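Residue-level listing of the chains:
Number of protein chains: 4
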Amino acid sequence: MDKLRVTIWNEYFHETEDTPAKEYYPRGMHEHLKQALAAEDLEIRTATLEQDAEHGLTEDVLRWTDVLLWWGHCRHSWVRDDVAQRVAERVQQGMGFVPLHSAHQSKPFLRLMGTPCTLRWRNEEERCVIWNVSPNHPIARGVPLHFGLAHEEMYGEYFFIPEPEELLFLSWFEGGNVFRGGCTFTRGLGRIFYFHPGHETCPSYHNEHVLRIIGNAIRWAAPPEPREFRAGDEMERI
Amino acid sequence: MDKLRVTIWNEYFHETEDTPAKEYYPRGMHEHLKQALAAEDLEIRTATLEQDAEHGLTEDVLRWTDVLLWWGHCRHSWVRDDVAQRVAERVQQGMGFVPLHSAHQSKPFLRLMGTPCTLRWRNEEERCVIWNVSPNHPIARGVPLHFGLAHEEMYGEYFFIPEPEELLFLSWFEGGNVFRGGCTFTRGLGRIFYFHPGHETCPSYHNEHVLRIIGNAIRWAAPPEPREFRAGDEMERI
Amino acid sequence: MDKLRVTIWNEYFHETEDTPAKEYYPRGMHEHLKQALAAEDLEIRTATLEQDAEHGLTEDVLRWTDVLLWWGHCRHSWVRDDVAQRVAERVQQGMGFVPLHSAHQSKPFLRLMGTPCTLRWRNEEERCVIWNVSPNHPIARGVPLHFGLAHEEMYGEYFFIPEPEELLFLSWFEGGNVFRGGCTFTRGLGRIFYFHPGHETCPSYHNEHVLRIIGNAIRWAAPPEPREFRAGDEMERI
Amino acid sequence: MDKLRVTIWNEYFHETEDTPAKEYYPRGMHEHLKQALAAEDLEIRTATLEQDAEHGLTEDVLRWTDVLLWWGHCRHSWVRDDVAQRVAERVQQGMGFVPLHSAHQSKPFLRLMGTPCTLRWRNEEERCVIWNVSPNHPIARGVPLHFGLAHEEMYGEYFFIPEPEELLFLSWFEGGNVFRGGCTFTRGLGRIFYFHPGHETCPSYHNEHVLRIIGNAIRWAAPPEPREFRAGDEMERI
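Residue numbers (the numbering used here), protein chains in the order written: chain A, 1 to 238; chain B, 1 to 238; chain C, 1 to 238; chain D, 1 to 238.
In short, the hints are calculated from the structure, not lab data. All clues stand as given, with none of them false.
It does not matter which identical chain is used: a pair holds within one copy or between any two.
Calculated lysine to any residue pairs in the SDA-like style (CA-CA distance at most 25 Å, straight line):
no., residue 1, residue 2
1, K34, F13
2, K34, D2
3, K22, C74
4, K22, I44
In this text, all values refer to a predicted model and were calculated from it rather than measured experimentally.
Construct the complete structure from the given sequences, taking the supplied hints into account.
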């Protein structure tokens with residue numbers, strides 16, 4: 001079986017500063033996730049914002065990629081519009097897309113959703129319980145019906161997204177908020193899974209369940225077959 | 001404009017005992033709701049489990065009814081199977097159906113859902129916050145983005161229902177649980193809105209937002225036009 | 001009751017040429033629809049591409065508008081990007097949006113969908129049968145289970161849109177094609193109904209069922225209450 | 001990798017008579033499908049209505065089964081209610097279910113849907129074109145955007161089902177009808193795919209695309225992991 005080809009994209013800013021992020025992810029979240037998600041059926045590469053003029057997301061890289069993970073937070077505006085559009089179009093053609101945490105405000109996600117994608121937030125690293133409300137879904141494989149994160153940034157409703165196609169995980173925060181924090185969308189041929197954990201000052205990507213969910217999402221979002229999809233050009237009667 | 005014809009069905013057991021239910025709803029929840037929901041565009045009647053051999057839900061009553069509210073808890077099994085089936089079929093033909101609180105285990109709801117409809121529960125009357133996650137929906141008209149109930153029975157995930165068509169309200173409980181507590185389903189021509197507040201020992205049907213939601217749901221669930229729907233008998237080519 | 005405020009936007013090009021469009025719609029589709037949809041509960045205005053520098057869609061007009069109909073075909077690119085963005089944002093804030101026929105390629109619809117929205121087409125004015133597959137939906141009120149159009153442009157699958165939230169009408173074409181030609185989407189607070197009939201050389205906007213569907217869609221897409229929606233700025237614990 | 005365990009259930013009546021069914025499927029549809037779907041990752045068994053008092057669907061057989069295919073037509077009423085209920089419950093617990101053709105009226109499907117599941121039909125073996133409207137879905141893997149069946153029974157709208165969760169295939173019939181003929185539902189942990197081709201007097205189960213779709217559906221509907229699902233009994237605070 002051919003391996004699934006995964007690109008992990010990271011803004012890679014916080015981890016270069018003297019912050020908890022650097023402690024949890026000394027070589028960057030992208031390198032951490034690459035190692036934590038390593039498996040026989042995956043070939044994983046990384047790309048970062050300042051790697052080159054195209055943020056490491058050239059035409060060739062995207063053509064190679066089956067599933068793209070995206071972590072960004074405070075430098076969304078640094079991403080070039082043409083690169084964001086290229087990513088969105090590749091998703092429409094079938095590339096899987098897994099925006100993580102603050103990527104709800106990333107340029108590709110905004111273009112694909114068609115809504116502002118704003119949310120409530122509160123950075124007090126409060127307790128979070130994640131509920132699995134679709135236990136038969138491939139992304140929930142091996143995930144318990146609930147699990148806790150001792151500290152995570154509160155992301156809460158109202159989350160200004162289109163109605164998700166599937167709601168897989170609901171998050172509870174001790175401060176009284178709830179969040180549709182794990183949900184799927186289809187855009188053309190591309191499958192999208194948004195998942196909220198991963199604030200840079202919390203060790204969420206060391207949590208086994210969070211990692212399992214992201215790993216499952218990669219397999220779920222991968223296009224079912226290689227194809228150069230052509231949809232609209234037959235005009236003849238059938 | 002013709003009035004919408006509403007029937008409020010109640011098991012009417014707890015309120016006859018010496019319990020908080022009797023205090024909050026001295027004439028029964030059905031009479032309380034009838035009064036609290038009174039409006040110019042509604043004609044409201046009530047029916048109860050022991051009213052007659054058909055639980056007040058004769059063919060004539062159901063034919064009259066545009067929208068049926070249902071509150072039941074500990075005597076689901078007392079409802080006759082043929083009456084439950086009659087209700088389910090009338091929903092499929094277009095009658096709106098608003099099962100409240102423990103009606104998630106009522107016979108008509110089970111038949112319409114096709115799943116066990118079990119859930120977690122904990123009766124410690126803990127604090128509940130209800131989040132409005134679909135603020136443009138007619139059922140959310142005039143409802144704030146969140147509101148609290150000082151005491152309500154915890155109903156939580158995993159709620160063993162089909163994927164809701166629309167998720168309108170999410171409930172947070174102080175004990176760490178979340179619940180898809182306000183959601184819609186369509187079954188044939190019938191519109192269904194399940195809403196969880198209303199444990200018999202809590203005054204939830206005195207809360208203005210809860211009442212507004214139920215009132216909105218009645219207008220939303222009402223069939224758009226009177227019709228004797230016939231769907232399947234034309235066999236000719238078009 | 002306050003009237004619903006409707007703006008009908010039209011490219012208004014074909015009807016100015018010596019074509020069948022001019023015959024069917026001598027004063028333009030916008031004026032035809034304004035007259036055909038006239039009702040006591042509606043206040044209808046029109047706007048056109050070349051009316052002024054902002055295509056008649058100023059901030060004031062959009063703030064006034066509850067529901068915007070949009071007909072465009074061969075001059076999508078003439079619409080200014082900033083005006084298209086203004087329309088999309090107003091939809092997200094709650095304005096209803098009813099793109100008709102070729103508006104599947106209009107700038108606001110593309111921004112709101114996040115997909116290419118291409119489709120198959122064939123302009124042989126073949127026979128079309130429209131099937132009502134959600135007969136209890138408010139947009140289907142008073143519409144038979146099927147009706148025919150003697151001539152309409154074939155629009156067919158694959159229609160490169162996100163999965164619709166509700167599929168209301170399916171179209172059959174004699175040449176062997178089918179089309180998800182009447183479907184709804186939500187984008188933030190805004191409700192969207194796309195409906196395919198209306199090629200400029202066919203008299204579809206003289207068909208009673210087509211007009212009824214558009215009229216129903218206006219009432220369905222109207223925001224349930226006036227509001228300046230603010231979603232995300234409370235950071236306190238609840 | 002463990003093999004997926006598939007049970008093909010067949011009414012097995014038409015093929016025993018002197019009809020075209022006997023010609024197309026001399027050893028029965030179940031044996032034909034068993035052979036046509038054979039693959040290294042599948043272990044396939046069969047069961048039939050009159051095989052034994054429980055129609056070959058004992059507790060043990062259902063416990064063994066990952067995915068159940070069901071073909072029935074004129075003897076739905078012969079199926080015991082307790083066996084139908086056993087099947088429905090096993091689906092809710094995670095068994096995949098693929099009702100084929102007239103199984104839209106089978107007892108297990110009716111229990112799982114909660115609607116009458118009636119449809120229009122016309123047995124003139126007219127031409128059918130099947131459109132793939134969700135080309136990225138695993139069930140559509142390797143399936144072209146459209147393919148034809150020279151003769152199939154017309155099944156058409158209005159199909160009295162709940163709104164499907166995913167609409168994968170739309171069928172066009174030369175007589176002017178359309179049909180949501182390939183669609184998915186979730187019921188608890190169980191995944192369901194209904195697919196319409198397969199009238200007993202047509203050779204549809206000899207068509208490569210029909211077979212590929214059924215094969216894909218088996219892999220899609222299989223539960224992601226073996227489990228004895230227990231959902232509701234933790235009452236403690238989290």
